[in-house]
Amino acid sequence: MTTATLGQLIEKHGFDVLDHLDRDLEIPVHAGLQAQGDLFIIPADPNRRCHGTAVPLDGIAVIEAVDGGHEHRLFAGQPGTAFFTPAGASGQDIGLLECTEPAYIAHPEHAYAGIAPGSYTLRRQREQADQERFVAD
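If you use numbering that gives the first Met the number 0, the sequence shown corresponds to residues 0 to 136, in order.
No lab work stands behind these hints, which were simulated from the structure alone.
Some clues are possibly wrong.
Unchecked claim - No farther apart than 20 Å at their CA atoms in a straight line, the calculated lysine to aspartate or glutamate pairs in the EDC-like style are these: (1) K11 to D21; (2) K11 to D23; (3) K11 to D57; (4) K11 to E108; (5) K11 to E100; (6) K11 to E70; (7) K11 to E25.
To be verified - Estimated spans, in silico, between C-beta atoms of each pair: (8) L20 to P42: 25 to 31 Å; (9) Q91 to Q7: 29 to 35 Å; (10) I41 to P107: 32 to 38 Å; (11) G6 to Q124: 27 to 33 Å; (12) G87 to L20: 28 to 34 Å; (13) P45 to D21: 19 to 25 Å; (14) A64 to Q91: 28 to 34 Å; (15) A60 to T80: 32 to 38 Å; (16) E70 to T99: 31 to 37 Å; (17) L17 to D44: 33 to 39 Å; (18) T1 to D21: 15 to 21 Å; (19) P116 to Q7: 32 to 38 Å; (20) H19 to H50: 22 to 28 Å; (21) H19 to G79: 33 to 39 Å.
Built from N, CA and C at the ideal position, the CB exists for glycine as well.
Whenever a hint applies, use it, and build me the whole structure from the sequences.
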């Protein structure tokens with residue numbers, strides 16, 4: 000598996016990040032548990048099939064930018080190699096990702112996270128305060 004630099008991924012997907020992030024940084028591709036701000040990428044049962052929609056070239060906002068937060072956008076490494084099934088409106092789970100080639104999650108502050116081929120649950124982080132709420136990143 001070849002690694003891409005941040006600059007190459009920005010050029011390929013058109014999703015830019017903050018200027019101070021090094022465009023020459025190589026973005027590793029991981030198969031294990033990852034976190035990108037308030038988003039967790041959790042390996043799922045490999046026998047679970049997602050039957051989702053192919054991730055389009057312009058990606059999918061898996062966490063939308065609201066109330067001053069930033070979007071987390073999912074990109075397929077190559078067309079037709081990543082599929083996403085949304086989990087629905089309630090709960091922490093965002094959905095299920097299945098990819099046959101590396102996929103990427105992009106965020107303006109956190110750059111890109113590389114996801115190895117496999118099945119993953121995407122989940123929001125919650126915090127407990129006076130009432131339970133999602134972490135805003």
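Status of the hints after comparison with the structure:
{"no.": "1", "hint": "K11 to D21", "result": "16 Å, holds"}
{"no.": "2", "hint": "K11 to D23", "result": "14 Å, holds"}
{"no.": "3", "hint": "K11 to D57", "result": "10 Å, holds"}
{"no.": "4", "hint": "K11 to E108", "result": "18 Å, holds"}
{"no.": "5", "hint": "K11 to E100", "result": "15 Å, holds"}
{"no.": "6", "hint": "K11 to E70", "result": "18 Å, holds"}
{"no.": "7", "hint": "K11 to E25", "result": "14 Å, holds"}
{"no.": "8", "hint": "L20 to P42: 25 to 31 Å", "result": "26 Å, holds"}
{"no.": "9", "hint": "Q91 to Q7: 29 to 35 Å", "result": "32 Å, holds"}
{"no.": "10", "hint": "I41 to P107: 32 to 38 Å", "result": "23 Å, violated"}
{"no.": "11", "hint": "G6 to Q124: 27 to 33 Å", "result": "28 Å, holds"}
{"no.": "12", "hint": "G87 to L20: 28 to 34 Å", "result": "33 Å, holds"}
{"no.": "13", "hint": "P45 to D21: 19 to 25 Å", "result": "34 Å, violated"}
{"no.": "14", "hint": "A64 to Q91: 28 to 34 Å", "result": "19 Å, violated"}
{"no.": "15", "hint": "A60 to T80: 32 to 38 Å", "result": "19 Å, violated"}
{"no.": "16", "hint": "E70 to T99: 31 to 37 Å", "result": "25 Å, violated"}
{"no.": "17", "hint": "L17 to D44: 33 to 39 Å", "result": "36 Å, holds"}
{"no.": "18", "hint": "T1 to D21: 15 to 21 Å", "result": "19 Å, holds"}
{"no.": "19", "hint": "P116 to Q7: 32 to 38 Å", "result": "19 Å, violated"}
{"no.": "20", "hint": "H19 to H50: 22 to 28 Å", "result": "40 Å, violated"}
{"no.": "21", "hint": "H19 to G79: 33 to 39 Å", "result": "34 Å, holds"}
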